[in-house]
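Student: Protein sequences, first through last, are from chains A and B.
Under the numbering used here, the first sequence has 179 at position 179, and the numbering climbs by one with no breaks.
Under the numbering used here, the second sequence has 45 at position 45, and the numbering climbs by one with no breaks.
Be careful, since some hints might not be right.
Said to hold, decoys possible - Simulated crosslink set (DSSO-like; lysine-lysine; CA at most 30 Å straight-line):
1. A:K265 x B:K387
2. B:K185 x A:K265
3. B:K242 x A:K265
None of these hints come from the bench; they were simulated from the model.
What follows is the residue order along each chain.
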Amino acid sequence: MAMLFDSEQQLLADTARDFFAQHAPPAALRKLRDSKDELGYAPELWRQMIDLGWSAIVFPEAHGGLDFGYKGLGAVFEQAGRNLSATPLLGTVALGGSAVMLGGTEAQQAQWLPGIIAGESLFALALDENPRHDPSATVMSAHAGGDGYILDGEKSFVVDGGIADRLVVVARTAGTPGSSDGLSLFVVEAGSPGVRRQRRNMVDSRNMAAIRFDQVAVPAAALLGQAGQGAALLDAVLDRARVCLAAEMLGVAGWLFDTTVAYLKERIQFDVAIGSFQALQHRAALMHVALEMSRSAVLAALTAIDENSPQLPALASLAKAKLSETLELVSNEAVQMHGGIGMTDELDVGLYLKRARVQQQLLGDASFHRDRYASLLGF
Amino acid sequence: MDELQIFRTGVTAWLEANCPPSMRTPPGDGELVMSGSQVEFQSEDQRLWYERMRDKGWFAPGWPLDLGGGGLDAAHVRVLETEMTRLHCRPPQINLGIWMIGPVLLEFGTDEQKQTFLPPTARGKIGWCQGFSEPNAGSDLASLKMSAVQDEAGFVVNGSKIWTSHANHADYMYALVRSDNQAAKQQGISMLLIDMKSPGIEVRPIDLISGKSHFCQVFFDNVRVPAKNLVGALHGGWGVAKRLLQHERTAMSKFAELNMPGPDLVGVVRRACAGSEGRIANAVLRDKVAGLEMEAHVQRLTQQRIVEMAKARQDVFRAAATMKYQMAETEKRSAETMVAALGLQGLGWESEGFSPEELEVTRQWLNAKSLSIAGGSSEIQLNIIAKRVLGLPE
Ligand SMILES: Cc1cc2nc3c(=O)[nH]c(=O)nc-3n(C[C@H](O)[C@H](O)[C@H](O)COP(=O)(O)OP(=O)(O)OC[C@H]3O[C@@H](n4cnc5c(N)ncnc54)[C@H](O)[C@@H]3O)c2cc1C
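In isolation and in its complexed conformation, chain B is listed as follows (with noise of 0.2 Å):
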């Protein structure tokens, strides 16, 4: 047995022995826990599987010893998340100070933020929220306004994020401010790393259409920032945001990989149209749920040529660029479909006669409308393959 093979088979003991049975069950919603210094646990396997995951570093399996990681090389890490998705493990907590500014930190940090963020991000003790879109600044974020004004000390920040999703429970925000209002637009940006708890904070919870309020909107007024806290070059928060973006791309699809959150389209309508055998009884509903399977059956396949390309060092943008667009319209019409599987029974808020499963495919519809909003909107996607992968003119 080669050495990543030992590994291997230490990790499947490992996560067999530790990783609770509830805790290998698809999360419904609202059931991942967010890390920071207010997490909350919903039951004791929850906060038993983050403590012993914390305790073996593998919060941030990938990130340095000395910086509270578990000090695993890329293939390794791959081992361990391939082995936790083929056990159903849920991811043991959530938190964007792992995904996305920890890597960027990583890459661009000095080593006073290193010191100071990531051992206590990799504890699960600083949670994170982006700060990056405004009221005026979404798909178009280069045109973002809020205020960072130099002085001795550090900047003062004047204006206003939104969608900020966890904001109300963040530690620590990683924003976008604009520092320079003569430059060109993405020219006079910065980043900063922003203590919740700063006097002139003010954070707004805004209601979802799923009734759930994980949103906020958040005002700054005359918001101290320290100088250690400019994450990269002073007006060079874009490049910094560019590269911290493609984390998310990736994030996104390991967090799909390793979550496989909710109701199975499959077993729903199923459920909804019983015939014989476990076959979907209607005809019209089981041909539409064969081809969104396929969807997702191609896509996955798709995730996985990436990887092989990426190995092979060939170029994977033409098929990257692809991904996020599919999975985002792929999620949304299953849970279309699954909610008009069930019909009106499919359309219950709250009440007696709406089983649980029911509740969460209703909520699950609502919040898929956002695959194709956040993290650049699907209309975004596809000006990206035109422009940068077909070449198509301004």
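The following block holds chain A by itself, in its conformation from the complex (with noise of 0.2 Å):
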């Protein structure tokens, strides 16, 4: 079975589908949100995730891991898309923790990975320096010196890069930007001398962050992978992370199809419920193709890293750019099809449609990945 969940990923599944409803659907996001609160996430609830082994699945046995592979962390990515829950998962464990565990060394994976996976370290990924996706753009520099190297330079949007410890910076130690050649990652203490970091509030009321590294010294010890040639493990931590987000946005999509579908068969206008509108009918089964489509995506992709393909690439592109398109769609039409009340705070739609558009653009929005995916595919 390639593609579908077996029966311990869907007993996982269905774990992380009552535990995620019971300890943080979408009111826990809107405490968050409404105190204002610095984390924007709850420590107790990442507490329970690390105890029930999530942080675990994906890392390898010799170092305190379940070794379960990226679907059973995928299984779990949904159902916290389902229910908007903010969690440390996808900074820590698919971005840090998978460059932690694909770049580092034997000593560095022993070093940095049972602290992620025992919930003592937050690590965050810091990339982008635009607006828009972009890792060959990266300017931010690091040059020999120390007894290391010197980093420098600005991120302007850090998923979770406000509460983690480490951050995987990448930077340029050779070419120029635009040019994927001469980038090279580090892990960062998050409080060492010269980083600054700004809150960055978002509409989705999660962790995001400016940082500053303002010559910045981080010892040799801190280069995951060979300096210069870090673009491949830049991808592949990327693709895993891509995949991931996909799958919790699939959970978002998911979430905001039903409870509209749900709405069209309650909904009386006319004397009927609306949904026996054929002009609703017929969007929300453009929803459902779109939303079937999507699945399919975001299971081959998870399947491709788990089976170390050689599609992954094209298939992270192609499950990025499918359900930030069905997600785009689907949280419009939901708004749409609620009428008035789809515009209130008090809906969760509006929740859901503030989450989409940031999972969209974060790593690649649809242009980024159709035009990767092109370049993949030799055209």
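The two chains are supplied separately, each in an independent frame; assemble them into the complex guided by the hints.
Tutor: And the structure:
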């Protein structure tokens, strides 16, 4: 069974569905937002997720992980998406953890993975310097100095950048902006002298930060992989995270769609349920088509990660692009088909809409990934 | 090696040896062989490929040996199909008898019907057409009116069928007729097998926008059909037809897999707007092509997921109900994009100055319009999803 969940993955999905519905429903996000919570997530929730083993899912057993694969992690992401649950899973596990696992030496893995798994350490990937995702545009520099490197530059949108204690920083040891040659990845202590972090309050109320690195000195042992050869590692990390994010988006879109279809059956106008109007039926059916196609894309991409398939880059771009389009469609239709109430803050639909747009932009929107897909396919 | 693996190896070797190279290229418009008593070949390779597959019993690989088939079970048929797809073998012939009415006769037919119709169909001697649609019964098929009045010898049929593909070459028609005027719409319908040489039948080809005319209107004037040619129960034709249309859906997706007809989107646009290193130079078209390739890709993945779900005995309806719509709309948009990329060069009809590929693109663009009309229009597909998958009210 290549694309379907096996019984253990299904069990994990079921557990996650109940867990997030009970412990981190949209009301929990609302609370974080309304109390202007600085962290943008609930540490108790993360602690419970750690206890369930969810920070360990993809990591090797040698470092305390479960070696259960990204498809399992994807199942958790989807359910987190359905409930709009704010967790450090993307920054710490899908981005930071993947970077350490894929790029770290045995010693580096032993140094950082156990802390991630045990919930003692939070990670973030400091990559984008512009509002639109573009890894090769990296300007931030790293040059040899001290007993390692000196980092200098600015990252403008770092997911979980404000809560992470370690940052995987992408900087240029060679090459010019616009080229992916010369990129290097470093693990930087967030408390290092010269690191200044500023919270960015986004529409989705999740944690986002701008980070300034002012002549930040890191030891040689902070380098992940080969200096100047980071592009391939970065791609591998990003693709894993893009697919996890797409799985989360599938959950967001699934909730919006189910909620909207339920409303179509319940809301009466002209003495009938509005869902009896063919104009709306067809639009609902189109969303269903898009969602089924989206699910296939996500499952195929998750499978490709676990099977180490050479198709992964194309499938990751496919999943991220398709989900970005589907989510834009479904979130807009959800607002429209709810009528006036769809414009209110009281209805959760608005929270999902806002999260949807941030997800669409993160790690590349549909047009970024169509371009990348075309290049990968040679046209 | 397990038995299936050995079979696969044998199949591959046989196909490599027996499928001529020219039959391993995508067929152009009208380049597939319609089997039947009036079969025609456009090349020697076509004839060879046809005869070799026929003699293997592989026109109908899944039918029993004694009924002219290949005697393979579903797993072996699947192996044959995947190997054919992998090696780009064209289907050796097209016949609604094998994909549609054949499986229905296997399920509902009398022994006599099976013996009479299946072996010659499996050998390509009987070509079939489907007489469902009428001038006033299209999407609302159950409102069909062609009448069949019973007498001692069988039925007397009067009325007309329209949009009947290949009626002008077919030997037999499986037709839905109104056998009871009094009953509710769906309850008064029967399915008959009608010999196209019967007195009283007139076939008139209809020109299509693509310039072809495999499409016909068929008129029936007191046409006699023997009682033994009734399929299933009298007035039970609607149930039989529903079963048959399920085979149509399987057939269409299989066909799409086996066939991959016509010019390919990336190739055509790339040649029209060549950039460096195989890139499409026009950024807007390149973005559009990428989007369409992605739609085709998610559709293939969904097809694969449906197969896996079926194997795991999960309900596939939610997913399967999306395929016809997705396929038709993506194909149509791809055809539009190819025409647009070629500019006026993609809108030639016939004359010097247009390459065969360009003329093919034009024909495919016109033909593709039917994908969202025939076999349940796109709007009907959306109705089915809205009502039967999503449960939205009437
Ligand atoms: C290439 C091709 C081959 C064909 N081959 C055969 C064949 O071999 N044998 C055969 O029997 N038939 C054949 N057909 C006929 C085909 O099945 C019918 O064309 C089809 O069922 C639609 O019927 P119609 O043409 O009468 O259109 P109509 O049913 O009149 O539809 C007209 C328009 O109204 C829309 N519409 C209809 N009902 C609804 C509704 N409830 N809600 C929303 N919109 C609706 C349709 O989607 C369409 O856009 C073929 C058609 C084509 C194009």
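Student: Each of the hints needs a verdict: does it hold here or not?
Tutor: The hints, checked one at a time:
1. Under the criterion of a C-alpha separation no larger than 30 Å, the hint pairing K265 (chain A) with K387 (chain B) is consistent with the structure, at around 11 Å.
2. A distance of roughly 29 Å separates the Cα atoms of K185 (chain B) and K265 (chain A); the hinted pair therefore holds under the 30 Å criterion.
3. Taking the CA atoms of K242 (chain B) and K265 (chain A), the gap is near 28 Å; set against the 30 Å cutoff, the hint holds.
Comparing the model with each numbered hint stated earlier shows that all of them hold.
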